[in-house]
Structures are given as structure tokens and as C-alpha cells.
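Take the sequences, apply the hints, and build the full model.
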Amino acid sequence: MMELICPAGTPAALKSAIDAGADAIYCGFADETNARNFPGLNFSRDELRKGIALAHGRGAKVLVAINTFPRASAVDIWHRAVDDAVSAGADALILADIGLMDYTARRHPNQRLHVSVQAAAANPDAIAFYAETFGAKRVVLPRVLSVPEIAEITRESACETEVFVFGGLCVMAEGRCSLSSYATGKSPNMQGVCSPPSHVTYEQTTDGTKSSLGGFAINRFAVSEPAGYPTLCKGRFSTAQGAGYIFEDPVSLDATTLLRGMRDAGVTALKIEGRQRGRAYVESVVRHFRHALASLESGTEADIASLKPFTEGQASTLGAYRKTWR
Amino acid sequence: MNDPSAASPGQLPTIPPLVAIAMRPLPLLPLQLVLTGVLQRIHRRNPALFDRLGAHARARFGIKPIDLPFAFVVGARPPRLSVVRELPAGLDARIAASLANLLALLEGRVDGDALMFSRELVIEGDVEAVLALRNAIDDAQLDLATELSSLFGPLGAPARRAFEAARGRVIGLPGQGESSR
Chain A
1 MMELICPAGT PAALKSAIDA GADAIYCGFA DETNARNFPG LNFSRDELRK
51 GIALAHGRGA KVLVAINTFP RASAVDIWHR AVDDAVSAGA DALILADIGL
101 MDYTARRHPN QRLHVSVQAA AANPDAIAFY AETFGAKRVV LPRVLSVPEI
151 AEITRESACE TEVFVFGGLC VMAEGRCSLS SYATGKSPNM QGVCSPPSHV
201 TYEQTTDGTK SSLGGFAINR FAVSEPAGYP TLCKGRFSTA QGAGYIFEDP
251 VSLDATTLLR GMRDAGVTAL KIEGRQRGRA YVESVVRHFR HALASLESGT
301 EADIASLKPF TEGQASTLGA YRKTWR
Chain B
1 MNDPSAASPG QLPTIPPLVA IAMRPLPLLP LQLVLTGVLQ RIHRRNPALF
51 DRLGAHARAR FGIKPIDLPF AFVVGARPPR LSVVRELPAG LDARIAASLA
101 NLLALLEGRV DGDALMFSRE LVIEGDVEAV LALRNAIDDA QLDLATELSS
151 LFGPLGAPAR RAFEAARGRV IGLPGQGESS R
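Keeping their order, the protein sequence lines are chains A and B.
Residues 1 to 326 in the numbering used here are what the first sequence spells out, letter by letter.
Residues 1 to 181 in the numbering used here are what the second sequence spells out, letter by letter.
Keep in mind that the hints are not guaranteed to be accurate.
Said to hold, decoys possible - Computed footprint of chain B on chain A; a stretch qualifies when at least three of its residues, placed anywhere within it, have a C-beta under 8 Å from a C-beta of chain B:
| # | segment |
| --- | --- |
| 1 | 191 to 199 |
| 2 | 202 to 216 |
| 3 | 225 to 236 |
| 4 | 268 to 278 |
| 5 | 312 to 324 |
Because the hints were derived from the structure by calculation, they are not lab data.
Where a beta carbon is used, it is the ideal one built from N, C-alpha and C, also for glycine.
Encoded structure:
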């Protein structure tokens, strides 16, 4: 059966994920070394040690995301994160930066490495480089590939593959997107924050809500219109061709209906996005996919409740997994 | 198939307007004293909760249940809570939602982002402070029935059952005998 990899932004969410049936939980330290560096979120060193002990006691694994790109003047912060995660007993490190992979492979040669989606490894050659050079055992594939492409890549790769099945959807090449930087000076790649909340404002008007990022108005929602995250890629802009969502609608990925295709493609693990989400999200979404996987294995029809209430814009998409625009 | 302790967003009831009108003349001081006691107890039992607020530990939050005729001003460090008819100016952030959604958020039964997406949660002011507060509370795994009933000494057990029943009515979850998380 494919592994279910679940998000945890707090120790309580980690426990919720285990209770709901996670095979593995991914999390990060409360600093700029991971791509969900939001206020009040993430783990201290002590919390990680306790979380790993709890997970191992329940038969689950913990994968530690250290998936931002180190600043040249402060590489020590990232090296320390790697050392501390290894010392805490992490089952794998999820890394994006080549230099950090090199450091980890040399300093901790027995530590299992996964290639983060932030590395944007989207073809067999790139994946082979990480596997052969640093001994990476798994690659998290970018959300820009169709299911047949995932099957082909998995077939040609020595690495295990992991794919996202639910949650926030980046339309850009992950690890390469600088839209947030243009408006705020901060990005998920370097500071670990896309659209940092310190730069977000919501203004209530008689017409609804105006959301701004870095002082730029990026959307206006009518009073009862479903909303999305205040990211530039999901902003609504006026152009010569008209007004609307230029890059991407505010929707979430939901690949529940594609699980059979993922299994047949040889995918090893399914990942749920959302370390920034609450326990209620983690519990419900993890249970949903645990149930869907059990139904897939037993060959029965899954009685699957809709995850629509948890989706951005109250809508879901299969994204690039089912490309209809070609 | 969802966890029975998790409430689905978009499905929680609101206080009937007539009930809200009937509550208008009620004095606020008794409620303020009780809730201040609860906040201080939470502060004592969950010091890490306030660590997660980081630089926002001294922020003042205005919390407005949209279906009640009063609101709350809350500060974490030092723990302070006041009940007011209208939220004052000068707060760091304002959070508005139905009472049921606010209670469910406090206990981690609903997801804050989901409430934002469905427009059932409105935020103004310092979004970073609100996010830190939300994440801190979500990690604390608060149980309001337990916190409130602790103020009742030897009558704690029947008080807890009463609060669980009341919570069940407000949030729309099972009351007495509901599974604790």
C-alpha cells in the first residue's frame, strides 16, 4: 500500500495525524530552515525529539523538512538544523538545496534523504543526479506533471517517488517562484514564507473584503464569495484582456479520484499539504485518505465525504495531474 | 468517517437573534470575572501556549461573536480579558465570527483557514498576530468544559457535564458523554 505522508505544524497536529492514520508525518523547525515558517508554527528541538518518540511508539515515521535555500552568510543555521534533526532521530530529511544535501551526505552518511518538492526535480536526469550524488532515496515530485508523466519518471528512476494528493497548489515551478519576493521581499525559498502574514492586510468594506499584500491590492471578495490565500499567484488582476485570475483560481488540489492511477504509476507515497493548517484539517483530511486507501486496497467503492469545506475558494482541482489544456 | 470531535466548517449554528436581544440587558461583570478566571487558569496550565505567540505575546485582540450583543478584549501577557459592549479603537487585531465558530476554533474543532475561505471568519489588523494566536491555541488542545468546571471546586463534575451539554448545544456536537480528545 502507498504510504500516507501527513503535515504537522504543531506537536498537537502531529498527534492528530498519528491518531488519524498517518504512516509518516513531516514537520520542521520554528525558523527559516523550512518552507512553512509562519508565526506560532513548527517545532522546537525538544518538541521534535518528543514528537519523534511519540510517532515511533505508534509505528509512524517523522520526516523533517529543511527545505529552504541557505543564505551564504548564515549557512550554519541550516547545518545546525540538519545535525539536530539527525540527532533527534528523524527517519528522513527533506532537503532542497544541493549544498545542504552535500553537507548531510558527508556528515551523516547513514541518514535517509528525500528530495523536497522545492528542488523542482521534474525529470529522470535531475532525479538521478540527486540519487547518485547524495544517495537520495525518494523525490517529492513537483505538481506540474500529469499522471502518465509521473508513471514514466517513476519507471525510469532509481528513487522512490512521492506525490501531493491534497492541499494548496502552487502553479509555479516550486523553489523557483519569486512572486512573493516582488511584493514583500520574502519568499518560501529563502525565508520560508510565501505571502508573509506581516505583509497581509484585510480591509472590510461595504462591498466585502479587500486583501492586500505588501501594500498592493490583490483581490476583492464579495460578502459571501469564497476566498483563497492572499498570494499573488491567486490574485485577481485587471488587464487589457479583462479582469480575473490571471495565473490560477483559488482552488485546492484533491487527487482522491486518482489514487488508483498513482498506484499503477508506481508511486511510493502520497503527501498531504498543509503544515499551516489546524488540527481539524489534519484529522479530517488524513482520515479521508486513509479510508480512500483502504478502499483502494480492498477493491471496494470508497464512501468518501467531500473535503470541499477545507479547500481554498471552496473548490478543488486535479491540477496538472489531468492536463486538459494541451 | 471524519473524526467525531471535529466540526465541519459551514455547519455550525448561530445564536437566535431573539436570544441575543434578550441578553442585551445582562450585566457583563460576572461573565468577565468567570472568563478571567478561565484565562488565568489556561495561562498557568499552558505556559507554552503563550511562548508560541512570540513577539505578539503583548498584543491586544478584540474578539467579536457576531451573534452576541457583547465582545471580548483579550491580552495574553499578562493574561487579561474584559467583556465590552463594543470593541474599542487601538486594538492590534480584531476577529469576528459566530459564537459557535469561535468556540470551535478555541478547541481546535474547526480549521481557521477553512473558516476564512468560507468567509465565516473575519480578521482585521495585525494578521501575523492573529495567525500566531490561532496556531498557539490550536496546539494547546483546550477543553473549555474542563477549564470552566475547574472553577466550581467540589461541584466540578456536575458543572463539567452541564458545560459539555451547553457546548454541545452551541457548537452542535454531542453533549454529555461526548468523547474527550
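Would you pick out the hints that fail for this structure and give their numbers low to high? none
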